[in-house]
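Engineer: Residue numbers (our numbering): 1 to 500.
Everything labelled a hint here was simulated from the structure, so no lab data went into it. Model, not experiment: these values are computed from the prediction.
Restraint ranges, calculated between C-beta atoms of paired labels, are given here:
no.: 1; residue 1: 311; residue 2: 349; range: 31 to 37 Å
no.: 2; residue 1: 274; residue 2: 209; range: 38 to 44 Å
no.: 3; residue 1: 43; residue 2: 9; range: 17 to 23 Å
no.: 4; residue 1: 485; residue 2: 39; range: 30 to 36 Å
no.: 5; residue 1: 405; residue 2: 316; range: 45 to 51 Å
Think of the CB as a built atom: it goes at the ideal place given N, C-alpha and C, for glycine as much as any other residue.
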Amino acid sequence: MNTSTDSSPAERQQRAARQQAVVAALQAVLPTHAVLYTPEDTTPYECDGLTAYRERPLVVALPETYEQVQAVLKACHALDVPVVARGAGTGLSGGAMPHKLGVTLSLAKFNKILKMDPVSRTAVVQGGVRNLAISEAAAPHGLYYAPDPSSQIACTIGGNVAENAGGVHCLKYGLTVHNVIKVKGFTIEGDAVEFGGEALDAPGYDLLALVIGSEGMLAVTTEVTVKLVPKPLLARCIMASFDDIRKAGDAVAAVIAAGIIPAGLEMMDKPMTAAVEDYVHAGYDLSAAAILLCESDGTPEEVDEEIGRMSEVLRRCGATAIAVSRDEAERLKFWSGRKNAFPASGRISPDYMCMDSTIPRKRVADILLAIAEMEKKYQLRCANVFHAGDGNLHPLILFDANDPDQLHRCELFGAEILETSVAMGGTVTGEHGVGIEKLNSMCVQFSAAENEQMFGVKRAFDSKGLLNPGKVIPTLQRCAEYGKMLVRGGQIKHPELERF
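Using the sequences plus the hints, can you model the full thing?
Structural biologist: Written as structure tokens, this is what we have:
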């Protein structure tokens with residue numbers, strides 16, 4: 001676990017001198033109250049939603065205008081000071097964890113919706129606007145913003161852009177990258193940049209898709225233009241119970257194979273169902289090995305037809321019980337458990353580490369059975385909830401961070417889940433990003449040459465490597481050390497690491 005403890009008097013002295021210089025530079029461009037540097041003021045910024053790793057920043061900057069953001073970046077660039085942009089801090093991969101000799105740049109005050117255009121079905125919002133606030137503002141026009149991560153009541157659109165966030169309805173409506181048409185911000189040098197545009201296509205390379213999901217490594221997002229979609233006339237949800245994990249997994253693949261694209265298709269295993277039912281009382285079947293939530297939206301006629309088709313597929317795949325929401329209140333009740341899976345897990349364990357990987361839909365049951373074996377191996381519990389329709393897993397490994405051995409076993413458990421996902425034809429992340437959590441696992445998925453190509457893109461935007469350094473892309477040395485560790489442990493699973 002990283003901490004803010006310096007190991008020697010010399011390092012403490014160096015930190016103090018560096019802090020003094022950075023504070024002086026930032027106070028020259030920001031109001032005094034917008035520059036935080038005392039331990040009691042900077043400690044609240046020491047981690048994001050991945051609480052197992054913490055680091056206190058050197059300074060926290062709280063700009064209020066675009067000009068102030070620009071000035072902060074120019075000052076940091078001149079001093080060679082790392083900058084970590086931060087939204088609401090709800091990320092789950094350590095992407096917003098501070099650099100101990102750097103500045104945390106908070107965009108919390110950029111929370112204005114600048115333009116709502118119901119004719120073009122777009123909204124222009126600042127980077128610190130909450131995800132759900134966009135839909136709330138669009139509601140009077142019969143519109144909403146489709147990506148709906150579970151943290152949507154708190155997470156910001158700038159953070160969504162950084163991580164390419166999804167949500168329970170991403171199967172039908174897409175991820176952030178499919179629902180954003182323009183991003184404005186600044187480079188580390190303080191240069192204004194704009195990606196995408198309001199037309200159907202933008203000239204030159206598609207850099208919009210590059211910056212979305214870049215985890216704050218290429219630019220600092222200050223303004224986003226999003227697409228809005230019409231609110232469907234009706235939405236209904238099926239809650240289907242299965243007495244066997246494999247039957248539930250096969251049902252997911254069968255629904256998609258039938259040519260049906262549900263608005264949402266989510267899965268929870270028995271431990272997760274028990275946790276959320278005790279928390280929100282959504283009416284889940286506690287005897288089921290797994291439950292599926294399958295939603296249909298559209299016109300009443302479309303919904304009735306699709307609900308009928310999905311129910312037929314689920315029964316054919318062995319569903320032991322099927323309930324269909326009778327009204328909007330019951331639909332929201334069905335979803336309340338899924339939306340509260342993370343806080344529910346916090347009630348049954350001191351800490352949890354939420355993993356995030358993707359696998360082919362046909363391997364859903366295989367990965368769940370593999371995770372069950374890992375629980376025995378690492379002697380830790382794991383509750384599973386995920387976007388089954390697109391194979392995006394969210395295993396929650398339960399542990400106590402106050403026990404160093406449990407934290408170590410949790411890290412190994414998480415790494416094996418990610419590596420198994422890659423071995424099954426998947427990826428090490430779906431929507432939570434790499435951050436610091438998955439750096440080692442990036443060595444498993446990508447070769448040294450591929451990682452170097454990603455570093456090349458990084459250098460094109462940030463030649464000094466000051467924006468969110470030490471995250472997302474592993475160095476060759478890190479991959480070599482990780483490969484040697486796996487060799488010593490007899491855990492080599494991927495040819496990319498065998499050469500070390």
